[in-house]
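Trainee: Make a model of the complete structure from these sequences and hints.
Number of protein chains: 2
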Amino acid sequence: MTNALLDTIKFPSDLRKLTKDQLPKLAEELRAFIIDIVATKQGHLGASLGVVELTIALHYLFDTPKDLLVWDVGHQAYGHKILTGRKDVFHTNRQLDGISGFPKRDESEYDTFGVGHSSTSISAALGMAIASSLKGETEKQHIAVIGDASIASGMAFEALNHAGVSDANLLIILNDNAIGIDPSVGALKEYLTKVKADRSLAQNNIIKALNFDYSGPIDGHNFKSLLRELKRLKNKKGPKFLHVITTKGKGLSQAEKDQVTYHSPGQFDAKTGEIIPKNNEGLPPKYQDVFGETIVELARRNKKIIGITPAMLSGSSLKMMLEEFPKRTFDVGIAEQHAVTLAAGMATQGMIPFCNIYSTFIQRAYDQIIHDVALQNLPVIFCIDRAGLVGEDGATHHGVFDLAYMRAIPNMIVFAPRNEVELRNILYTSQMGLNQPIAIRYPRGRGVLIDWKKPFEIIEIGTGVCLQEGKDIAILSMGTIENNITKALEEFPNIAHYDMRFSKPLDEKLLHTVCTKFKQIVTLEEGVKKGGFGSGILEFIGEHDYKNKVTVLGIQDHFVEHGTIDELQKMNGIDVNSIKKKLRSLA
Amino acid sequence: MTNALLDTIKFPSDLRKLTKDQLPKLAEELRAFIIDIVATKQGHLGASLGVVELTIALHYLFDTPKDLLVWDVGHQAYGHKILTGRKDVFHTNRQLDGISGFPKRDESEYDTFGVGHSSTSISAALGMAIASSLKGETEKQHIAVIGDASIASGMAFEALNHAGVSDANLLIILNDNAIGIDPSVGALKEYLTKVKADRSLAQNNIIKALNFDYSGPIDGHNFKSLLRELKRLKNKKGPKFLHVITTKGKGLSQAEKDQVTYHSPGQFDAKTGEIIPKNNEGLPPKYQDVFGETIVELARRNKKIIGITPAMLSGSSLKMMLEEFPKRTFDVGIAEQHAVTLAAGMATQGMIPFCNIYSTFIQRAYDQIIHDVALQNLPVIFCIDRAGLVGEDGATHHGVFDLAYMRAIPNMIVFAPRNEVELRNILYTSQMGLNQPIAIRYPRGRGVLIDWKKPFEIIEIGTGVCLQEGKDIAILSMGTIENNITKALEEFPNIAHYDMRFSKPLDEKLLHTVCTKFKQIVTLEEGVKKGGFGSGILEFIGEHDYKNKVTVLGIQDHFVEHGTIDELQKMNGIDVNSIKKKLRSLA
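Going down the list, the protein sequences come from chains F and D. For reference, each letter of the first sequence is one residue, going 11 to 597 in our numbering. For reference, each letter of the second sequence is one residue, going 11 to 597 in our numbering.
Careful: at least some of the hints might be erroneous.
Same chains, same label: a pair holds when it works inside one copy or across any pair of copies.
[Unchecked claim] Quick list of in silico lysine-lysine cross-link-like pairs, DSS-like style, CA-CA up to 25 Å:
# : residue 1 : residue 2
1 : K481      : K288
2 : K591      : K246
3 : K247      : K218
4 : K337      : K590
5 : K580      : K497
6 : K27       : K206
If you're looking for bench data, these hints aren't it; they were derived computationally from the structure.
Mentor: Have a look at this one:
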C-alpha cells in the first residue's frame, strides 16, 4: 500500500485540504503506518488503532492547535502525533531523545496537556475552557477524549460534576470500547453497556442527569456520523458530551480479538499480526510473576488473603489469583483511592489484603494510605510494582518517589527486595500476621534468579544483611539496585556491601556497627535522593552524631525522561559503570 | 429539661429497650445534651444535630456493633458517641486525653472505622461487607452514612461504581442536607435537588443506574418513615441506597438558619443559641484572612489571577475573593484531585491559579501535583492552609507531612512564611510570574503582627534571612515555628537564628556560610522529621562533607493526637520551653 494521502500531510492544515471522501483512505494509510512502525519499534498498539477515524475527524473539523485537544492517558495518541508534525520521527517513539509515547507539551503545540496517568483530561480541558472564557475567547473549543475505563475513575467524576454546572466550551468525547488495559469493570461500565444495547436509555441517562448535552452513542469508525455530530457540537456552546463506540485494535484482526495482549504487544509481524515469539527460556521470572505465583501459593494456605488491584490485573499478575480465587480477587477499576480504603475496611475484619498498585499510580492514594491505613495501623500489604525506573514509558511512569513519601508515614514498614527470593519471603512474612502496614516495592521486568521457588523463610522486620565484608567503605543499598553494586564490586573486593532491605524501620543495630566500622558510607537507591532512603541514613547518622562521610546515590532532583532502564540509570549515575567510577573516586 | 430517657442509656442495648413512641422524646434530650456541651466545650455542632433521629434509628434497629456502622467524615457522630458508651466523657471531646471529635477505632468498638477526611465510608463499609461475606456472615449489615457533599467526591464515586456490581450487604445512607461545611456545589447536587422536588425522578435516577436498590427520599427527622424504611432494608441482601433528607443544625433555630457559622460555632448560649462574641480587637489576623485579603488585593491588579478551592471556601477565606470576583473564583466541591488538575489546565493558558487546600487534604492530590503540575512545570500556586499542627481536630487533620512529600517533587518551590508579611509578600511574588510551581504552607490560626498590610515586596526565591547573629550554634527554621525560637532565644543572645523560608530550593550560599561559621546546627520545623526540612539540611551537609553536629527538631515518627497546639508542640519537643531545654543541653 502506498501512503498517497498520508504523505501529503505534515500538519492538520494539510489534512483539512482533503475531501471528506478521502478520509477513509487516509484512515487506512494511517492505521498501516502505525502498525508498521509499532510492529518493529514496539509500543502501545490497540488504543491508537481504535481511534484512527476519531483522530482524523477531530483534526479535520476542529481548528487545532487553536482549539485545544486533550487525550486522556495518551496511549491512543499515536495517530494524533503522526498527523501533527511527528510522522518523520515517529520511529523514535519511546526511545531516549526520541519522541515520547505520550502527548507532551514540550514536544508539540498540539500536545496541549501532558498525560500518562488516566482520568485527567476533563479537569485539564475544563481548566483551559474556563481560562478561554475569562479571556473572552468564546469561540474556542476544548475537547477531552476519554475512555470508558478512565471516566469511571473518581477524578473524572469530580471533573464531570464541576463541568456540568459550568458554561465553558467543553466537549467530552467518551471513547467507549469497554476496555482499558484489562476489560473495564464496575457499575458505570455495565450501565454504558445497557445504553449501547437500548438506545432509549440514551434519552435519560447519567450524563444528562449531570447537566450535559449528551449525544450518541455513535459509531466511532464511521466518518459520516462522526463528522456530522462533531460539526453540530463544534457550534454549540457550553458543556457537551459525545458517546462514541469504537473497537480497540480496529483493523488488525488479532488485535481486535485479543485486546489485552495487543494493548502493547511487543514485536509482531506487521503483515500477519502474529506476535514474534520471544525465547524466554532460561530467563529469570518477571517480578510481577513472582508476586502472582507466590500470592496464589499463599492464598491456597491462608484463607484470609485477599487480592486487590485498581486496573492492573494483567500487569501485576494478580490475574493468576483471580483465575484460582475469583471470589477473593478484586479488580476495582481505575480507582486507587477506593482500592486502598477498601483494603483498610477488609483489614478491620481480620482479612489480609494484598493491594497491588504500580508505584507511580499509588501516588493517587497517598492520603488513603496515611489516613485510612497507617493512622489506624491496619495491616494492609501494599505490593508496589513498577517501582524505580520503568524505561520507555518515561517521565509520567517512573516509580521513583515511593521510598521518599512512604518513609514519612508513621507505622509504615518499607521494604524493597533485592531478588525474587526476598520478594517471595516478604510476601510470606507479611501474611503471617503483621501488626502494621507494609509497603513492598519491586521493579518492572525480570529478576536475577532462575531457581527462585525456595521453601519460604520468615524475614525479620527491620533487619539488613551483609552481602560483602570490607573495610573503610561500606555501601548500603535498597532493593534490586543491589545487582548493580554486586557487579561493580567485582572490582572492589574490599568494599563492604549491606542490603538494608528496610528503609523503615532501619536496622539500627546494623547501622551502629557500620557507622563505627567504616569511614565512608555510600547509599544507593533507585528513587529520588531528596527524602529517600539515603536521607534516612543521614538522619540516623545525624541523630547519633557519627562523622562518617556519606555519599548518597539515587535519582537526581529532576524528572527522568524515557529511554531504556540502563540508559536512564546511567544518566542518574547509578548504573554499574557509574558506581565503579564513583567508588574509584572515593577509594 | 430532664434527661429521663437519655439517663437510662449507656449503650445501644439500653436504647433498644425503649418503645418507638419514646424515641422522639429521646431525640429531644439527645439534641439538648449535644447543644449543652458543645455550647461550652466547643466543637462541631450542626452536623450532629441534623442526624439525631437517624442516629437513634440506626442503633435502635440494627444490631450494632455487630452490624457495622461507618460515619463519613465523622463531624456528625456526636450523637453516636453519646449513645455508645461515651456520654459521661463527652465533655472531654477534642481535649488532650479526652475523646476524639471523630469516630476512632481505638476509642470504641462502635467506631468501626476512623474518619476525619471525607468520602471514605463507602469504600470502608464495602470492604467490611466483602470480608463478612467471605467469612460466611451473610446476615451482617454494613452501613455507610454519607453526606451529599462527600458523596460527590471522586473517591465515593469509585466506591459506588464497585459496590453497584458487588453482592455485599451494604447499605449506603445519603444524608442529604445540601451542605458540607459550605453549601454543596456541582451537577450531582443540582440533580439531587431536582430529585427532591420531583419524586418521579426517584424512579429512574443516577443511583439506580449504578445498580443500587434505591429508596427515598424520606424525611430524616421523621421516626416513622425512618424506622419503616430501615427495617425493610435491614432484611434485604446486596447493595442498597437510602436517600434521607435532613436539616443541618436541626432543632436550634440559629443553627438551621446560619448553617455555615454553626458548623463549628465556638462558644454559644445553649438556651438562646446566640454565639458568645469574642473580643478579637487588637489581635493579629488569622493567616487565612491574610491570604483572603491579599488575594483580593492582588486580583484587583492582576486579571490573570484565579482562585480555586475544593470545598474550603470559608475556611480558606477564598470566600472574600468569591464575593468580589465570582467569575474568577471556584469552589469545586470536595474534589482535591480535580482542583489541582483544573489549575494545571488554567496555567497552560497563561492564567495564574491560586489553589487553596488544607495541608491534610492536599495529600489527596499528590499524584496530580507531581504528574499534572510539577512534571509540566506549570506555575500553579498552592496555598496550603492548616499546615503543621491543627490542634483539636487531631490526628486525621494535622498537616505535618507536606514539607516532606513536597520536597521530593522536582521543580517545586516550597516556602513557609514566618509571619503575615512574609505570607503577603510571597503571594505577591508568586503572581508576578514564576516559571515553576510553588507550595506555600502556613498554619491554622492567628499570626503575630497587627500591622501587616505593608507595601508589597518581592521575596527572592531560594533565599533565607538571618534573624539573629550568634556564634557556635545556629538555628535554622522553617515557617511560623520561628516565633517559638525567637521567644526561646531571649535566653540565648549568642545563638544565631536563620529563617530559611524555602525548604526548596535551599539557600545554598547562606548554608555554606552557616556550615562554615557554626559548629552546631539545630533545625526546626512543624512537620515530620522523616524526610522533612531538617533532612534536607542533612543532605546538604552530607553532600558538601561538612562536619557540623546537627540536631533535627520536628514532629516525631508517630501520629499526633488531639489537644491544643501548645500541648501538642510540647509533646513533640518544639514548644518554647522544650526548645530552651534543648538549647541548654547543647550550649
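Trainee: At 25 Å max between alpha carbons, let me know whether K481 reaches K288 within a copy, between copies, both or neither.
Mentor: For K481 and K288, the Cα distance exceeds 25 Å both inside one copy (44 Å) and across copies (67 Å).
Trainee: Could you figure out if K247 and K218 sit no more than 25 Å apart (CA to CA) within one copy, between two copies, both or neither?
Mentor: within (16 Å within a copy, 30 Å between copies)
Trainee: My question is about K27 and K206: at a cut-off of 25 Å on alpha-carbon distance, are they close within one copy, between copies, both, or neither?
Mentor: neither (34 Å within a copy, 53 Å between copies)
Trainee: Taking 25 Å as the upper bound on the Cα-Cα distance, should K591 and K246 be classified as within, between, both, or neither?
Mentor: Classified as neither: same-chain Cα gap 62 Å, cross-chain 69 Å, threshold 25 Å.
Trainee: For the identical chains here, do K580 and K497 meet the 25 Å Cα criterion within one copy, between copies, both, or neither?
Mentor: The answer is within: 15 Å in one copy meets 25 Å, while 49 Å across copies does not.
Trainee: Please work out whether the CA atoms of K337 and K590 approach to 25 Å or closer within one copy, between two copies, in both situations, or in neither?
Mentor: Intra 50 Å, inter 59 Å, cutoff 25 Å: neither.
Of the numbered hints given earlier, the model fails hints 1, 2, 4 and 6; all others are met.
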